[in-house]
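Enquirer: Here is how the chains run, residue by residue.
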Amino acid sequence: MKSFAIVAAEKIGNPTLNIVIFVVFVAITLGIVIWAARNNRSAADYYAGGRAFTGRQNGIAISGDYLSAASFLGIAGAIATSGYDGFMYSIGFLVAWLVALLLVAELLRNTGKFTMADVLSFRLRQGPVRTAAAISTLVVSLFYLLAQMAGAGGLVNLLLGIEGTTGQNLTIGVVGILMIVYVLVGGMKGTTWVQIIKAVLLIIGAGLMTFWVLGKAGLNLSSLLGDAAGAAPQKGAVLNPGLRYGLTDLGKIDFISLALALVLGTAGLPHVLMRFYTVPSSKEARKSVVWAIWVIGIFYLFTLVLGYGAMWLVGPKRILAAPGKANSAAPLLAYELGGTLLLGLIAAVAFATILAVVAGLTITASASFAHDVYSSVIKKGQVAPDDEVRVARITAVVIGIVAIFGGIWAKDQNIAFLVALAFAVAASANLPTILYSLFWKRFNTRGALWSIYGGLISSVGLIAFSPVVSGGKVTAGKAASLITDPSVDFHWFGLENPGIVSIPLAFFLGWLGTVTSKEVSDSAKFAEMEVRSLTGAGAEKAVSH
Amino acid sequence: MSTTPTRKGGSSDTGYQEVQASEEFAELRSRFRKFVFPVTALFLAWYFLYVILAAYARDFMSTKVFGNINVGLILGLLQFVSTFAITTVYARWADKQFDPTAEKLREHWERGEL
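Chains as they are written, first to last, in my numbering: chain A, -7 to 537; chain B, 386 to 499.
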């Protein structure tokens, strides 16, 4: 226990230097946000950055939006502490982009205007389908947002040397307020630039560390793996699959369930889909995804080296004893390699990561409420665009406040489960309806509602009765669940990830609802959607100032 | 500035059904589906093959090929290679085989003639 106490009390880096780097970063990005927003006038400016970004800019921004703290810190940490199984996450997160590239991005860009619900409700009954799509957008975005906020608290505390509950809450509050300011001032244009800057910093930072680690290992991946395995208590097993998943039959099924949710979740994430509206055409949307796949793929290759590098140079024991546990693997590796300065830079990158992602989520959730619920459902479309944007801004403030309090509440929770939940809900509630409405002529309103609500309720419901919420494995009198009290146990669903049940169920319900409904699909609207989605005839054009 | 879709004629007839009924559009749609559906089936099958091997064929995945590099790592890296390859092939196919026809149909629709 003595060595544990020493490690836990270890101070890394220089908090003053880190704070200076943070402040400089915030000042620069705020300046850019104000500059980017100088021409913001219309709703298309606020929601979609005037649709004036190039494919390359948007592709880099998508990478910035997608590579959240869970990707950067989470995957590097998972590899550093459980080896090969951490690597499998990144494969799912990357391959998922092919679904977006081949089936969704271009068709969605041509069909919709500002939100995911634009496409889902295009040829179905507007009111009920838009409401359902908006509810699922808000649920997915809020879970994702909570995970990021909770992560922000722990991470920033580690890097700034802030201790105690008040300090932690204060950090979450500052992150929330900054996010509100970015979104209010900059709209989608400002948010996009923050994401671009963040993605560039992240790739440079991670790339630098990767080549540093490889250099130390004599540019030899095999010897890096050997050294890493030597530093781990499980030795050679860290190079093989199975350390984290799959000691049991149920564990193996859980792993397949997770893999399914990851690969089908990305193309149903509303904040990812909304980014396709920021470019002028479907061709640019395609270019965006091509850029995003390259940037994200190369980044995940870096994390493989960073994860094993942290295992080798820092060691799993020290990582798990640090305040952020597995999440601190990348910052600790930076400190080990380049001392306080590199740690400060990587800390700024991690902070940028969280800010960029929360801003993207906030604008998506507020757009969905203002555009889908307020304007289309409550006001039946009888609302001036300026009024709609005003509502979106107010919603952004409300969501920011909810995120601050939610983040404070969730700060001690396991953030990985919130992200996995967001992916599972997106894959269950959103993707089936997106695909059916784009490709299946007969698809109708009942099919959409059954699929969205069925996917949403089954995925959230199964999580609620899974070991993630109660009755997890008990160690030292505490259950590894949301509810840590081992005497409270109402779980009956054995898997941690509901995807393997809820995703097929949502596809099935979409089919069943459609074939049992007497509603005849609107053939004129279907013709419009099909022609528009494939050729771009009548698609929203860029705003010219 | 204009964000509303423009099409000459301005009658209540939107022209979408005419385009949809045209042979050229039917051919474009079928060419698109004949590319994206099989490729989607292919990469999903390849991905789940990898996932199932990682879950149920531990020993095979743990076989060392050279040094500390095992089959699992190679197959994992091949998932990256196949993703990059499909991305490149699709982007090229779309630029050359898909965009010209789609653009032609869109221009026809915008001018209100077919």
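Hint data in this document are derived by calculation from the structure and do not stem from the laboratory.
Mixed in with the good hints, there may be bad ones.
[Said to hold, decoys possible] When the alpha-carbon atoms are kept at most 25 Å apart in a straight line, the in silico SDA-like pairs for lysine to any residue are as follows:
no.: 1; chain 1: A; residue 1: Lys275; chain 2: B; residue 2: Leu427
no.: 2; chain 1: B; residue 1: Lys489; chain 2: B; residue 2: Ser467
no.: 3; chain 1: A; residue 1: Lys433; chain 2: B; residue 2: Ala411
Enquirer: Does each hint hold? Answer for all of them.
Expert: Consistency of the hints with the structure:
About 24 Å separates the Cα atoms of Lys275 (chain A) and Leu427 (chain B), which keeps this hinted pair within 25 Å; it holds. Straight-line distance between C-alpha atoms of Lys489 (chain B) and Ser467 (chain B) comes to about 32 Å, which puts the hinted pair past the 25 Å bound. Of the pairs offered as hints, the one joining Lys433 (chain A) and Ala411 (chain B) holds, with about 14 Å between alpha carbons and a cut-off of 25 Å not exceeded.
When the structure is compared with the earlier hints, a violation turns up for hint 2 alone.
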